[in-house]
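Novice: Below are the chains, spelled out letter by letter.
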Amino acid sequence: MLIYDIWFLFIYMFFVGNLIFVSKNKHLLVVLLSLEFIVLSIFFFFLVLLMFIDYDMYMLMVFLVFSVCEGSLGLSILVSMIRSHGNDYFQSFSML
Amino acid sequence: MFFFILTNNNSNKMFFLFILFFSTLISISSNSWFGCWIGLEINLLSFIPLISNSKNLLSVETSLKYFLTQSLASINFLFMILIKFSLLKNFNMNNIISIMMNSSLLMKMGSAPFHFWFPNIVEGLSWMNNFMLMTWQKISPMILLSYYFNKNFLIFMIIMNLIIGSLGGLNQTSLRKLLAFSSINNLGWMIFSIMISENLWLFYFLIYSMMIFMMISLFFLMNMYFMNQLFINNMNFFIKLNLLINFLSLGGLPPFMGFMPKWIIINFLLINKFYFLTFIFMMTSLIIIYYYIRIIYSSFMFNYFKMKWVNLLMKNNMSLINLSSFISISSMILSTFIFM
Chain A
1 MLIYDIWFLF IYMFFVGNLI FVSKNKHLLV VLLSLEFIVL SIFFFFLVLL
51 MFIDYDMYML MVFLVFSVCE GSLGLSILVS MIRSHGNDYF QSFSML
Chain B
97 MFFFILTNNN SNKMFFLFIL FFSTLISISS NSWFGCWIGL EINLLSFIPL
147 ISNSKNLLSV ETSLKYFLTQ SLASINFLFM ILIKFSLLKN FNMNNIISIM
197 MNSSLLMKMG SAPFHFWFPN IVEGLSWMNN FMLMTWQKIS PMILLSYYFN
247 KNFLIFMIIM NLIIGSLGGL NQTSLRKLLA FSSINNLGWM IFSIMISENL
297 WLFYFLIYSM MIFMMISLFF LMNMYFMNQL FINNMNFFIK LNLLINFLSL
347 GGLPPFMGFM PKWIIINFLL INKFYFLTFI FMMTSLIIIY YYIRIIYSSF
397 MFNYFKMKWV NLLMKNNMSL INLSSFISIS SMILSTFIFM
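Protein sequences, first through last, are from chains A and B.
Under our numbering, the first residue of the first sequence is numbered 1, with each subsequent residue one higher.
Under our numbering, the first residue of the second sequence is numbered 97, with each subsequent residue one higher.
You may find that some hints are simply not true.
[Claimed, not checked] Computed footprint of chain A on chain B; a stretch qualifies when at least three of its residues, placed anywhere within it, have a C-beta under 8 Å from a C-beta of chain A:
1) 174–187
2) 378–391
[What the hints assert, rightly or not] Not everything, but these chain A residues come out facing chain B in the computed CB check (under 10 Å):
3) 9
4) 10
5) 41
6) 64
7) 66
8) 78
9) 85
Keep in mind the hints are simulated off the structure, nothing from the lab.
Everything numeric in this text was worked out from a predicted model, so none of it was measured.
Yeah, the Cβ is synthetic: ideal placement off N, Cα and C, and Gly gets one too.
One chain only, chain B, in its complex shape:
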């Protein structure tokens, strides 16, 4: 993101990026709910200038939709904070006020059933802004969710997230919307990991953001926004291999990196006897892997398309691609060496 801002002569957006980082820190480290709300407001205030570009019709609509949903969510959050403050309900976590507060935070994150703005906005942003939206903007609502959550409500939300994230991506042709629905599905996994422990959430979130970074940087370097662009280009074998590895890693197949956090979460699911929830996690993962494999499998069979007239030359950027493939393949094994 820094690199992109520096090279595109947009260094006045660096200020907003700096404040964006600070806003998350304000929100998660405050010792009152009001400070959390302030952090969320500053987050909104500093993200809008990053995504709006008044010469482009699409980005104006995108920033408008983002502003409307996020401001509504944070205003509702503040009202619920005030009601909680006035009724002095600080210790019982399973009541309706916690449901309302969780709902407003879930709306800020883009989780189902408040997810309708998320694929639309992701469709209108560039890849680097998408990376910010999918990873950094989720940190502070997640951590605030972990401070005061309602377990039964969140389990219901997790099921909705998983199902909508997996079934919503089946009919997409735009890569951005595909990653948006995959992000909604992964939100389900992340919300469950919050309920177990915040450390586990941090683990899942770091690995998820690394995987998303690898995918988005690949699409950004090739300037690809739609699925048909994947087939028309005459890609190098290593780029295709990297794409396959990253997609399968995002879907959670072993032996790639993305399997590790899902494995640990399934472990905790089974320890806590959430058997039906485990079933739903598994089945929706299968649907997601189905539509990832659908994108890339034909390029690896014996009879694949190779167009002659568009040649994607990537001689200078291969080191990043090779590094990301290496990390995705070997992370599981190398992580066992950490504790030696």
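With the rest of the complex left out, here is chain A:
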């Protein structure tokens, strides 16, 4: 059925998000954005899955809360890095 072609969209979105995460970028913010893109793909997947099974959307809300927490943690680490290094370029990683 055509309605099940929606699974390919989630896998494609997830895969592209992972691809951007592991690619060489200049800024750290791109990596955090790709993480949020993966979270978005999982959100969509979760939504469609729960609709098909006639569940209520409570689990989706819990997932949203946790992924937002993780996103904000990433941003706070970005802020901490800008405070100490001055920018968020990957070339300034020289310590490790």
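With chain A fixed as given, assemble chain B onto it according to the hints.
Specialist: Chain B in isolation, oriented as in the chain A frame:
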């Protein structure tokens, strides 16, 4: 860890430590995979404040690398949980979904081939944070691994862990990275023990964390981070002896404490007829013992270095060192008295 937090005026980190303990309990005691993911997320959320210190460049980079790898792993884990949920593959453990789920959990643990972040981050943390990272942070991915694992995939991962853990430590001069590679090697032993029984894993893990605690507390008290610091100090004989005993115990030589879990795992390996795997376990253990002995043997020969100008006085902390030596030496014999 409590002691360190209390004495360094960092008592606002006690809150995060408490939540860290709870997150592992949430993860291993949930009755759905989603609860496991929640536990892993809270683990990440509460460990990052423990290791980040915004006045230090090194710890900022460390917490950033830790965050990136762990968040990627847990997001992948959740996606695989959803795929498993949608395809209703709950009963067959040897498929590709279990490989993906195991891969994401192995990445959270720092096992090979996803181990590249682990020595880097261990290099950037203090000793007490390293202790947390090497022992407590491994509990919940291990137990989640035991719930749904793919046997052939895990055997391959075990071989990679052993080889990378043993060969990676050969060229290290930093004590933290040495213990990191030793931790990767011991992960191989622990993953195999998970495949046998969870009780056996608990046994191995408890003894391993006790050995690591003794080593790390010794290095923490002497404030040593690099191998050349071991030779420059004019150490008391008992400290050198304790170092030797702890290193050999970690390598798994009898009659020390570290031999017992390895002995039992080899027993189970041979019962289940994993002969080639036994060979790899043995040979990589030999390489590890080689580079442990390389660090300390010259201090025990007749002609050893004893520098005059740095004197390491440890008069007040000797009881901990003597106790740890005693435990390491006598545990094997005393453990036979448990069942009397």
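Novice: If you look at each residue in the segment 174–187 of chain B, do at least three have a Cβ nearer than 8 Å to any Cβ of chain A?
Specialist: Since three or more residues must qualify, the claim that chain A covers the segment 174–187 of chain B holds, with 5 doing so at under 8 Å.
Novice: Identify whether the interface hint at residue 41/A stands, where standing means a beta carbon of chain B within less than 10 Å of its own.
Specialist: holds (8 Å)
Novice: Is the interface hint satisfied for residue 10/A? The criterion is a beta-carbon contact with chain B at less than 10 Å.
Specialist: With Cβ-Cβ at 8 Å, under 10 Å, it holds.
Novice: Within the segment 378–391 of chain B, is the number of residues with a Cβ closer than 8 Å to a Cβ of chain A three or more?
Specialist: Result for this restraint: violated, n = 0.
Novice: Would the hint on residue 9/A be counted as holding, given a Cβ-Cβ threshold of 10 Å to chain B?
Specialist: Violated, because the Cβ-Cβ distance from residue 9/A to chain B comes to roughly 13 Å (cut-off 10 Å).
Novice: Can we keep the residue 64/A interface hint, with Cβ of chain B closer than 10 Å?
Specialist: violated (12 Å)
Novice: Does residue 66/A pass the interface check with chain B, least Cβ-Cβ distance below 10 Å?
Specialist: holds (5 Å)
Novice: Would the hint on residue 85/A stand, with a C-beta cut-off of 10 Å toward chain B?
Specialist: Holds, about 7 Å.
Novice: Let's test the interface hint: is any C-beta of chain B closer than 10 Å to that of residue 78/A?
Specialist: Holds, because the Cβ-Cβ distance from residue 78/A to chain B comes to roughly 8 Å (cut-off 10 Å).
Of the numbered hints given earlier, the model fails hints 2, 3 and 6; all others are met.
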